[in-house]
Amino acid sequence: MKRWNYSLLAGCILSGAVLALALVGQFWTPYDPTAMDASVRNAAPSLAHLCGTDNFGRDIFSRIMNGAFTTCFVAICTVLIGAVGGTLVGAVTGYFGGPLDNVVMRVNDVLLSFPSVLLALVLVSLMGPGTANIIAALGILFIPSFARIVRGEYLRLKNQDFVWSARIMGAGNLRIMFVHILPNLFVSMLTTAAVGFNNAVLAEASMSYLGLGVQPPETSLGRMLYEAQTYLFNAPWYAIFPGVTIIIIVLGFSLISEGLRERESRG
Amino acid sequence: MGEEYALEVRNLNAWYGVRQSPFGGKARKHVLHDISFHIGRQEILGLVGESGCGKSTLCKVILGMLNTYEGEVIHYTKRPQVVFQDPFGSLNPAKKVGWILEEPLRLAGGMDKEARRRRVEEMLEAVGLPAEFRNRRPQELSGGQRQRVSIAAALIAGSKLIIADEPVSALDVTVQAQILDLLLRLQKEFGLSILFISHDLNVVYQVCERVLVMKKGRIVEQGDIDDIYDHPQEAYTKELLDAALDFENDEAEISDTVRL
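Chains A and B, in that order, are what the protein sequence lines are.
Everything in the first sequence is counted per my numbering, starting at 8 for the first residue and increasing by one.
Everything in the second sequence is counted per my numbering, starting at 2 for the first residue and increasing by one.
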């Protein structure tokens with residue numbers, strides 16, 4: 008009997024809804040997200056402004072649509088850099104082993120032992136704030152966690168009979184690593200990517216909240232929280248709605264990764 | 002001699018590196034002692050011995066999976082191919098059967114996509130599987146079907162020497178018989194030489210003309226299968242034979258009981 012995978016389904020609905028809003032926001036928003044309107048400063052949520060307005064009278068719902076896009080864009084780029092870099096590092100160290108593996112993995116352990124946001128803060132304060140810099144800093148710091156998982160999988164798979172058959176047929180190491188072994192990592196990479204995406208969303212939000220991430224006139228969910236803190240008491244909706252959006256994204260992707268793991272263990 | 006032999010091994014000694022401590026160097030464990038034998042063209046040579054006697058190590062050396070050896074391994078044919086024991090580990094779970102069978106052809110080069118596809122279908126037919134198995138994944142196949150695919154993969158690029166490392170040991174008895182029949186048929190059809198490794202003398206008796214008996218990394222007896230079966234020279238061979246016969250008698254008794 009086929010049982011519904013509720014975690015996966017719920018996760019896809021939640022994060023799908025936010026991603027859809029973010030995409031639509033690139034082409035259409037109810038109001039111009041940067042248009043100021045002094046007549047409706049700090050207006051409470053209403054039918055005209057679903058999530059209220061901020062201190063400049065800008066529509067918060069429109070800004071969330073734009074901010075969510077920036078946040079997801081940063082997270083996706085970060086995960087991509089981490090996944091590609093981590094796969095290369097993990098594949099080479101896991102497959103070949105030896106002294107190189109030892110050295111790289113000890114560096115990895117050192118990087119993993121610091122909170123990645125802390126290291127990203129150091130990098131960004133060296134490079135200066137901005138969307139591209141935050142992607143670069145977070146992306147590099149996401150490499151170790153991917154590398155560790157990929158390395159483990161390569162260690163497990165490199166002496167399996169099917170890999171030996173490929174060697175005996177005359178396949179080269181590169182071909183074995185990336186054509187024979189890599190496709191077997193699909194599910195574990197997907198799970199790791201979903202978790203990594205969440206961490207990236209939270210890291211971007213923290214960095215932008217500290218004023219080091221996305222710079223105005225661009226906006227992101229973290230940036231909105233940063234701007235909202237001054238008005239926490241006269242306009243709480245300014246902080247609540249971007250915060251809730253972050254929660255929905257993170258919850259959605261947590262459910263997706265849990266659902267994937269569940270599906271894998273059920274076979 | 003090159004015309005008569007498919008493979009010759011002369012004075013082979015092999016070691017495994019064993020790590021003693023995280024800081025110390027590696028110690029060597031001597032696992033094969035002075036092995037010499039040959040496999041004739043179109044011959045099925047049996048290799049028997051209890052587990053841990055060095056059968057698989059010998060197979061690794063011949064296939065180039067282990068480099069810590071001294072002595073000569075001379076191939077008179079193309080690179081030997083292998084059929085492993087565990088039909089669940091020897092096929093890539095992320096690929097379809099068609100892809101797995103095409104891979105040796107891709108690596109060899111010189112065939113276009115259409116030609117490879119046709120060759121795969123021919124080979125599937127030769128091992129008794131329908132052509133549409135091309136689109137199946139290994140997980141969807143039974144142990145016997147997987148072993149057929151492994152055999153097809155070993156043969157598809159035209160290799161004439163097959164190392165079969167306990168090819169039927171993981172299968173149940175009826176499937177064992179089918180795979181042995183298939184191996185015998187293919188051996189005649191393609192003119193194969195096979196090194197047939199097994200711990201089960203009964204299985205070896207069914208397919209081999211000549212047999213090597215290994216114990217603790219040495220060849221203790223070799224010769225015609227009937228001679229060895231009827232007049233074993235070594236005490237160890239007798240033990241192996243007795244064990245195999247006991248097992249057969251046990252089975253006979255069980256089936257008698259069932260009949261009653």
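Calculated directly from the structure, the hints in this document are not laboratory data.
Keep in mind that this is a model prediction, so the values were computed, not measured.
It cannot be assumed that every hint is accurate.
Short, incomplete list of chain A residues facing chain B, as computed with Cβ under 7 Å [what the hints assert, rightly or not]:
id	residue
1	Ala45
2	Ser46
3	Ile175
4	Ala178
5	Phe185
6	Asn191
7	Ser213
Using N, Cα and C, we set each Cβ at its ideal position, and we do this for glycine too.
Hint-by-hint comparison with the structure:
1. At about 60 Å, the closest approach between the beta carbon of alanine 45/A and any beta carbon in chain B exceeds 7 Å, and the interface hint on this residue is violated.
2. Given hint, serine 46/A at the interface with chain B, is violated; its Cβ is 61 Å from that chain's nearest Cβ, farther than 7 Å.
3. Annotation: isoleucine 175/A was flagged as interfacial toward chain B, and the flag holds, the nearest CB pair being 5 Å apart, inside 7 Å.
4. Interface hint status for alanine 178/A: upheld, as the beta-carbon distance to the closest one in chain B is roughly 6 Å, under 7 Å.
5. Interface hint at phenylalanine 185/A: violated, since its Cβ lies 12 Å from the closest Cβ of chain B, which is beyond the 7 Å cut-off.
6. Given hint, asparagine 191/A at the interface with chain B, holds; its Cβ is 4 Å from that chain's nearest Cβ, closer than 7 Å.
7. At about 37 Å, the closest approach between the beta carbon of serine 213/A and any beta carbon in chain B exceeds 7 Å, and the interface hint on this residue is violated.
Hint compliance for this structure: hints 1, 2, 5, 7 are broken, all remaining hints hold.
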